[in-house]
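2 protein chains.
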Amino acid sequence: MIAPLIKNIQSKIQLTEEEIKLFADSWKEKKLDKNDLLFKTGDICRYDSFVISGCVKAFYIHPTTGKEEILFFAIEDWWATDLDSFSNQSPSDYTIQALEDTLLLQISHDAFEKLLKAIPKLERYFRLILHGYISAIQKRIILTNAHSAEERYIEFVKRYPKIIQKVPQYLIASYLGITPEFLSKIRAKRSLGNY
Amino acid sequence: MIAPLIKNIQSKIQLTEEEIKLFADSWKEKKLDKNDLLFKTGDICRYDSFVISGCVKAFYIHPTTGKEEILFFAIEDWWATDLDSFSNQSPSDYTIQALEDTLLLQISHDAFEKLLKAIPKLERYFRLILHGYISAIQKRIILTNAHSAEERYIEFVKRYPKIIQKVPQYLIASYLGITPEFLSKIRAKRSLGNY
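Protein sequences, first through last, are from chains A and B. 9 is the number of the first residue of the first sequence in our numbering; add one for each residue after it. 9 is the number of the first residue of the second sequence in our numbering; add one for each residue after it.
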């Protein structure tokens with residue numbers, strides 16, 4: 009089951025056979041049923057999690073209004089972790105919940121740091137992963153602040169076609185900062201071939 | 009002039025004397041006068057830049073409306089780079105401009121990759137720097153989407169007291185996604201001790 013993660017890593021750095029074995033021994037499987045929580049606000053994110061199959065949402069709950077804000081969705085081949093909480097082993101500001109039955113690979117904080125010491129070139133892999141994520145969230149900020157809801161939806165469909173298939177429309181609307189009704193209108197307009 | 013950068017790095021990883029020398033030899037100074045551009049939309053971000061003194065803004069210009077959106081401000085001890093453009097040596101979606109006379113340390117893409125090969129533990133330093141930046145922009149997304157303008161301003165003042173001193177109010181308003189007039193009202197209310 010570790011193969012997709014090894015493949016993901018080898019797309020950025022090369023590992024020897026011994027390193028692959030050492031690496032593989034550090035991870036364990038975790039199954040979530042639909043709606044299960046990986047962790048919730050105030051919990052410590054004890055594991056770094058890589059999604060093998062399924063889909064999760066990471067979200068923030070406003071402490072007084074209770075309003076949910078989607079931080080990210082993660083499907084197969086993506087990471088699903090609160091970096092701050094995991095790195096500092098401190099309470100998380102976020103909640104991660106399975107949107108369908110989900111299979112993860114997990115590593116504890118101690119095992120993660122040991123692995124980085126044993127295979128220092130993994131630092132490069134994780135740096136490049138963070139870099140890719142920064143690129144995506146910078147884009148999201150710009151789209152949110154400078155572009156219309158329609159432009160944001162078109163860009164989302166282009167960038168995340170698999171998520172469009174898996175995630176309910178009302179959650180995509182929430183991610184895009186629009187109402188589900190408005191998203192329906194945009195989708196209807198698109199399906200009529202207006203653009 | 010490299011001392012602040014070395015200090016920043018040594019706060020996260022340890023370098024030997026030889027490594028410090030090799031590291032220092034890879035950087036050169038760059039001076040920007042107030043309003044000078046470091047690069048503009050469509051240019052390639054050829055250098056990774058660390059701010060020694062001064063202040064820059066990174067912003068996006070909407071291709072049809074011409075509206076500016078602030079991506080980040082960077083003052084001393086911060087990085088001021090378009091990661092995507094720098095890493096891929098591809099045209100940037102952003103512009104970086106000096107808000108006051110600014111002194112930078114710069115490294116070219118080739119020299120950066122050579123340095124990472126010569127001192128692999130720098131991968132860890134840059135991973136941790138990216139991690140800190142992710143933490144900040146995730147917070148920004150949540151504040152923008154789930155919190156009021158007042159809450160966003162209070163959080164900004166708390167997190168970035170030095171930027172408040174340096175950056176004109178209309179740019180902080182732009183960063184927070186509010187009008188300068190509304191920011192003035194919030195500031196007036198705060199100065200009256202209402203909260």
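One thing to keep in mind: the hints can contain errors.
Cut-off 25 Å, straight-line C-alpha distance, at most; resulting in silico cross-link-like pairs (DSS-like, lysine-lysine) [to be verified]:
| # | chain 1 | residue 1 | chain 2 | residue 2 |
| --- | --- | --- | --- | --- |
| 1 | B | Lys170 | B | Lys197 |
| 2 | B | Lys20 | B | Lys193 |
| 3 | B | Lys42 | A | Lys129 |
| 4 | B | Lys38 | B | Lys170 |
| 5 | A | Lys75 | B | Lys166 |
| 6 | B | Lys197 | B | Lys174 |
| 7 | A | Lys20 | B | Lys174 |
| 8 | B | Lys174 | A | Lys129 |
| 9 | A | Lys20 | A | Lys170 |
| 10 | B | Lys193 | B | Lys15 |
| 11 | B | Lys42 | B | Lys170 |
| 12 | B | Lys122 | A | Lys20 |
| 13 | A | Lys48 | B | Lys147 |
| 14 | A | Lys147 | A | Lys174 |
| 15 | A | Lys75 | B | Lys147 |
| 16 | B | Lys166 | B | Lys122 |
| 17 | B | Lys122 | A | Lys125 |
| 18 | A | Lys48 | A | Lys174 |
| 19 | A | Lys15 | B | Lys15 |
| 20 | B | Lys122 | B | Lys147 |
| 21 | A | Lys125 | B | Lys20 |
| 22 | A | Lys125 | B | Lys129 |
So, partial list: chain A residues that the calculated Cβ filter (under 7 Å) puts toward chain B [to be verified]:
| # | residue |
| --- | --- |
| 23 | Tyr68 |
| 24 | His70 |
| 25 | Glu77 |
| 26 | Trp87 |
| 27 | Leu123 |
| 28 | Lys125 |
| 29 | Pro128 |
| 30 | His139 |
| 31 | Ser143 |
| 32 | Ile145 |
| 33 | Ile150 |
| 34 | Asn153 |
| 35 | Gly185 |
Simulated from the structure, these hints should not be mistaken for laboratory data. All of these numbers come straight from a predicted model, not from anything done at the bench. Backbone N, C-alpha and C fix where the C-beta goes; we use that ideal spot for every residue, glycine too.
* Has the given pair, Lys125 of chain A with Lys129 of chain B, been kept, meaning a C-alpha gap of at most 25 Å? -> holds, 10 Å
* Asked: Can the hint on Ser143 of chain A be confirmed by a CB-to-CB distance to chain B that is less than 7 Å?
  -> holds, 5 Å
* To do: Would you check whether Glu77 of chain A satisfies its interface hint, that is, whether its CB is within less than 7 Å of any CB in chain B?
  => Result: holds, 4 Å to nearest chain B Cβ.
* Pairwise hint evaluation, Lys193 of chain B against Lys20 of chain B, where the allowed Cα distance is 25 Å at most -> With a Cα-Cα distance of about 41 Å, the restraint between Lys20 of chain B and Lys193 of chain B is violated, given a limit of 25 Å.
* **Distance restraint between Lys48 of chain A and Lys147 of chain B, which requires alpha-carbon spacing of 25 Å or less** => The given pair, whose Cα atoms are some 17 Å apart, holds under the 25 Å limit.
* Distance restraint between Lys75 of chain A and Lys147 of chain B, which requires alpha-carbon spacing of 25 Å or less -> Holds, at roughly 16 Å.
* Asked: Do the numbers back the hint for Pro128 of chain A, that is, is its least Cβ distance to chain B under 7 Å?
  -> holds, 6 Å
* Taken at face value, is the distance from the CA of Lys174 of chain A to the CA of Lys147 of chain A at most 25 Å? -> Roughly 22 Å between the alpha carbons, so the hint for Lys147 of chain A and Lys174 of chain A holds.
* **Restraint check for Lys122 of chain B with Lys125 of chain A, where alpha carbons must lie at most 25 Å apart** => holds, 22 Å
* Given the hint that Lys48 of chain A pairs with Lys174 of chain A, does the C-alpha gap stay at or below 25 Å? -> holds, 22 Å
* **Agreement of hint Leu123 of chain A with chain B interface, Cβ distance less than 7 Å** => violated, 13 Å
* To do: For the pair supplied as a hint, Lys38 of chain B and Lys170 of chain B, confirm whether the alpha-carbon distance does not exceed 25 Å.
  => holds, 22 Å
Checked against the numbered hints listed earlier, the structure breaks hints 2, 3, 7, 8, 10, 16, 19, 20, 26, 27 and 28; every other hint is satisfied.
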